[in-house]
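Model the full structure from these sequences, guided by the hints.
For the record, the sequence lines run as chains A and B. Each residue of the first sequence is one higher than the one before, counting from 1 in the working numbering. Each residue of the second sequence is one higher than the one before, counting from 115 in the working numbering.
If you're looking for bench data, these hints aren't it; they were derived computationally from the structure. Idealized CB from N, CA, C, for every residue including glycine. Keep in mind that the hints are not guaranteed to be accurate.
What follows is a list of derived Cβ distance ranges for each label pair [stated by the list, open to error]:
no., chain 1, residue 1, chain 2, residue 2, range
1, A, Q42, B, Q170, 30 to 36 angstroms
2, B, A185, A, H7, 44 to 50 angstroms
3, B, T174, A, T82, 44 to 50 angstroms
4, A, N51, B, E143, 30 to 36 angstroms
DSS-like mimics (lysine-lysine), calculated; alpha carbons at most 27 angstroms apart, straight line [to be verified]:
no., chain 1, residue 1, chain 2, residue 2
5, A, K66, A, K41
6, B, K216, B, K184
7, A, K20, A, K41
8, A, K55, A, K66
9, A, K14, A, K41
10, B, K192, B, K169
11, B, K169, B, K187
12, A, K55, B, K192
13, A, K66, A, K14
14, B, K169, B, K216
15, B, K187, B, K216
16, B, K216, B, K192
17, A, K64, B, K216
18, A, K66, B, K192
19, B, K184, A, K55
20, B, K216, A, K20
21, A, K41, B, K169
22, A, K64, A, K14
23, B, K184, B, K169
24, A, K41, B, K216
25, A, K55, A, K20
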Amino acid sequence: GAVVSQHPSWVICKSGTSVKIECRSLDFQATTMFWYRQFPKQSLMLMATSNEGSKATYEQGVEKDKFLINHASLTLSTLTVTSAHPEDSSFYICSAITTGPRKFFGPGTRLTVL
Amino acid sequence: AQTVTQSQPEMSVQEAETVTLSCTYDTSESDYYLFWYKQPPSRQMILVIRQEAYKQQNATENRFSVNFQKAAKSFSLKISDSQLGDAAMYFCAYSQNTGFQKLVFGTGTRLLVSP
Chain A
1 GAVVSQHPSW VICKSGTSVK IECRSLDFQA TTMFWYRQFP KQSLMLMATS NEGSKATYEQ
61 GVEKDKFLIN HASLTLSTLT VTSAHPEDSS FYICSAITTG PRKFFGPGTR LTVL
Chain B
115 AQTVTQSQPE MSVQEAETVT LSCTYDTSES DYYLFWYKQP PSRQMILVIR QEAYKQQNAT
175 ENRFSVNFQK AAKSFSLKIS DSQLGDAAMY FCAYSQNTGF QKLVFGTGTR LLVSP
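And the structure:
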C-alpha cells in the first residue's frame, strides 16, 4: 500500500529556534497534502492544506507566518515551525491523497520545545 | 461548521466479545463521508472503515461494521470478535463530499481489550 513518511520522528529544540519537518509520499504522487496537529490525549486538528506548486491554505486560527508550509514537489511537503516556543510542543502529522481517492497518514513527528 | 462528537472517552471489551463505539456529527451538507480511524500506540493513523452518506447500506470490513443513521446523524462502529490488537484510540471523522479532503475528527475513544 501507499506509504507516507515523516522526518524527523522526534525533534527537541530550544525556544526561539526554527524546526523543519518533512513529509514524503514514497510510492505515489500527492497533489494535496495535509498537516494536522495533535496535542497529548487530544484529537487531530487540521492546520493547513498544501497543494503542490501553490500556497498552502491555512485553517482559521493557524498563524501562517509561524507555520510555514512548502509543497515544492509532488512527493514532498515541509512544515517549518518558526521561532518555536514551548506551547508549540505537539505531535505533527501529515497526510497525502492518492488516486481513489485514498488518504494515507504519516507516522507523525513529535516536537518538544525546551 | 461541522462537528464530530464522541461521547465515550474510554470503552472496555473482552477478547472475542463485541463492542460498539458511538459517534454523532452535525452538518448541513447532504453529501459527505464518514470514517473511523484507529490510532495505536505507534500514533500511526489507520483507516478502519468509511461510509459515503449517499449510500444507505452500512459499510462493513471484516470484523468491523457501522450503523449509519443519516437522519439522526449517528455513525457507530461495531467491532466483533474483539482481539488484543484492536486496543487503540478510535477516532470518528467527517469529510465533505469531495471525500478524504479536510477531515474533522472527534475527540476519540480509547478501546481497552482484556484477555
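Tested hints:
1. A:Q42 <-> B:Q170: 30 to 36 angstroms: Check passed, 33 angstroms falls within 30 to 36 angstroms.
2. B:A185 <-> A:H7: 44 to 50 angstroms: This hint holds: roughly 45 angstroms between Cβ atoms.
3. B:T174 <-> A:T82: 44 to 50 angstroms: Once the Cβ atoms are compared, 46 angstroms apart, the range 44 to 50 angstroms for T82 of chain A and T174 of chain B holds.
4. A:N51 <-> B:E143: 30 to 36 angstroms: Taking Cβ atoms as reference, N51 of chain A and E143 of chain B lie about 22 angstroms apart, which means the hint is violated.
5. A:K66 <-> A:K41: holds (24 angstroms)
6. B:K216 <-> B:K184: holds (20 angstroms)
7. A:K20 <-> A:K41: holds (24 angstroms)
8. A:K55 <-> A:K66: holds (14 angstroms)
9. A:K14 <-> A:K41: Holds, because 24 angstroms separates the two Cα atoms, which is no more than 27 angstroms.
10. B:K192 <-> B:K169: holds (18 angstroms)
11. B:K169 <-> B:K187: Judged against 27 angstroms, a Cα distance of about 14 angstroms means the pair holds.
12. A:K55 <-> B:K192: violated (40 angstroms)
13. A:K66 <-> A:K14: Given pair K66 of chain A, K14 of chain A holds - Cα atoms ~16 angstroms apart, limit 27 angstroms.
14. B:K169 <-> B:K216: holds (20 angstroms)
15. B:K187 <-> B:K216: holds (19 angstroms)
16. B:K216 <-> B:K192: OK: K216 of chain B and K192 of chain B at ~25 angstroms, within 27 angstroms.
17. A:K64 <-> B:K216: Between K64 of chain A and K216 of chain B the Cα gap is close to 17 angstroms, so the pair holds against 27 angstroms.
18. A:K66 <-> B:K192: Cα-Cα ~41 angstroms, so violated.
19. B:K184 <-> A:K55: violated (36 angstroms)
20. B:K216 <-> A:K20: holds (23 angstroms)
21. A:K41 <-> B:K169: Outside the cut-off at roughly 33 angstroms; violated.
22. A:K64 <-> A:K14: holds (21 angstroms)
23. B:K184 <-> B:K169: Holds, at roughly 10 angstroms.
24. A:K41 <-> B:K216: It holds: about 21 angstroms lies between the C-alpha atoms, which stays within 27 angstroms.
25. A:K55 <-> A:K20: holds (17 angstroms)
Violated hints for the displayed structure, listed by number in ascending order: 4, 12, 18, 19 and 21.
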